[in-house]
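Colleague: Sequence:
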Amino acid sequence: MHLWYLLGIIFLNARAVRGLGVIVPLRLDPGTDCAAWDAVSTAITVHPNLHFYIVINPDINPEAGDSLPNASYLACIPNLRPSTPSNAIIMGYVDTATSTSVVPYIDAYAAWNGSYHLDGIMLDHVSATVSLIGTYTSYVSHARSAGFTFIGLDPAAAADESYFPLVDLINTYEYLYSAFDVSLLSDNTSTPLSKQSVVLTNAPTNDSYSTVLSELENLAVCAVYITDKGDTDSALPSQWSALVSELGTITPGAVSASSNGGASQTGSSTPVSSGSNAQTTSALPSRKTKSRLGEIIGPILGLLFLLMGALLFCVRMRRRRRRLDLSASESMWELGPNSVVPAPFEDDRGTRYSSGTRRPSMSLQEARTATATAHRESHGFPPFPPPSYSDVDTQDHTLARSN
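Read in order, the letters of the sequence shown are residues -19 to -1, 1 to 384 in mature numbering (1 follows the signal peptide of the UniProt record, and there is no 0).
No wet-lab data here; the hints were simulated from the structure.
Ideal Cβ placement from N, Cα and C applies to all residues, glycine included.
Where hints are given, some of them may not hold.
To be verified - Result set (SDA-like, lysine to any residue): computed pairs, CA atoms no more than 20 Å apart in a straight line:
| # | residue 1 | residue 2 |
| --- | --- | --- |
| 1 | 210 | 174 |
| 2 | 210 | 157 |
| 3 | 210 | 27 |
| 4 | 210 | 182 |
| 5 | 210 | 186 |
| 6 | 210 | 44 |
| 7 | 210 | 155 |
| 8 | 210 | 189 |
| 9 | 210 | 187 |
| 10 | 210 | 200 |
| 11 | 210 | 30 |
| 12 | 210 | 20 |
| 13 | 210 | 137 |
| 14 | 210 | 183 |
Claimed, not checked - Restraint-style ranges between C-beta atoms, simulated for each label pair:
| # | residue 1 | residue 2 | range |
| --- | --- | --- | --- |
| 15 | 186 | 12 | 44 to 50 Å |
| 16 | 92 | 142 | 29 to 35 Å |
| 17 | 288 | 65 | 21 to 27 Å |
| 18 | 16 | 95 | 21 to 27 Å |
| 19 | 17 | 96 | 30 to 36 Å |
Given these sequences and hints, build the entire structure.
Modeller: Below, the structure written as structure tokens:
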């Protein structure tokens, strides 16, 4: 069991309890004083545990050589990242209605660097059908190779399942708030809601959105945007502060930071949602409860996996050490109380000690002789050269004279 695998499990578990975020079509020029973006940058600061997916649409024309934004964008984009690591992902808007402009816009955004760099792109006016998967695959591949780590698609309708492995976020619903029902969203393993966002327009300004937000949170939808405007490009919602405040209360572990310009708190009246949304809330499983359990159980499981990995590692090392000890003991045999010699001559030839009786100790001289014999035999030589006749005659003659 590898450590990286265990860390991956812990990391995925942490992402699972991230909670519902907010997607912001911030297509307004910030102005020289960044005033048009102040409400968004304040919300990002006040709600550090709430994830923001921001789409900006600067007035550039890369096909004419105009690739950098004006001074207002250069000065105001850093305000959308008040902390490090940031809880905001900033994407550049790319209209795919004109195919010839897609790649130039991607390249232009990729050239932005420093404090005003972008994290990704949002491809708009997407026809997410099977027949066009090749076209969008090439766009996404080009964006990835340009260095972007986050890619979004905005078909504003259901997308074919083949697009989900390709990108990080798909806006699958963009229509009237009063017409929305969670059953309209496609939810299965090939079209995960964790990669889907919802944009609801023409919402009431005198109503709480907590019911529909809770439904989306329970279903693990990635992000939502609710506005009383009919055109999402015109301005921020009238209830922007209330929207992010309600999202902050239902996001697992979300804690709002104190700020004078912070989001206002939701009123004390009982939250009521329009349409048929109120009828479906009680039937949905509580993801909030599951998220809290996940926050507790996740680290415990991660620790158990780490302990199991350490235990298996120790067992494996112990077995390996035992094998080494056995092989070492088989290659050595005892000569005497304090000396040993290698055992190449401890062969399988029968001896008078083959009954299992331990071979008696040798003297050091006997051991040297045995070692030399074994060395010669291993090279195919006889144990010792036979004595010559001259040696025998000399010995007999010497014995005769001595007698």
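Colleague: Sort out whether residue 27 lies within 20 Å of residue 210, counting only the CA atoms.
Modeller: violated, 24 Å
Colleague: Taken at face value, is the distance from the CA of residue 186 to the CA of residue 210 at most 20 Å?
Modeller: Judged against 20 Å, a Cα distance of about 10 Å means the pair holds.
Colleague: May I ask you to test the hint 29 to 35 Å on the CB atoms belonging to residue 92 and residue 142?
Modeller: Since residue 92 and residue 142 have Cβ atoms about 34 Å apart, the given range 29 to 35 Å holds.
Colleague: Assuming the hint says 44 to 50 Å, is it satisfied by the Cβ distance from residue 186 to residue 12 or not?
Modeller: violated, 24 Å
Colleague: Would the pair residue 210 and residue 200 pass a check requiring their Cα atoms to be no farther apart than 20 Å?
Modeller: Status violated; Cα separation ~25 Å.
Colleague: Holds or violated: residue 210 and residue 157, Cα atoms, limit 20 Å.
Modeller: Distance ~10 Å between residue 210 and residue 157 Cα, so the pair holds.
Colleague: Is the hinted range of 30 to 36 Å satisfied by the C-beta distance from residue 17 to residue 96?
Modeller: 19 Å Cβ-Cβ, so the 30 to 36 Å window is violated.
Colleague: Hint check: residue 210 vs residue 189, CA-CA at most 20 Å. Holds or violated?
Modeller: holds, 16 Å
Colleague: Between residue 210 and residue 30, does the CA-CA distance stay at or below 20 Å?
Modeller: violated, 27 Å
Colleague: Please check whether residue 288 and residue 65 have a Cβ separation lying inside 21 to 27 Å.
Modeller: violated, 33 Å
Colleague: Would you check the hint for residue 210 and residue 44, treating anything up to 20 Å between C-alpha atoms as holding?
Modeller: violated, 32 Å
Colleague: For a C-alpha distance cap of 20 Å, please report whether residue 210 and residue 183 respect it.
Modeller: The given pair, whose Cα atoms are some 5 Å apart, holds under the 20 Å limit.
Figure legend: structure checked against the earlier numbered hints; hints not met, in rising order: 1, 3, 6, 10, 11, 15, 17 and 19.
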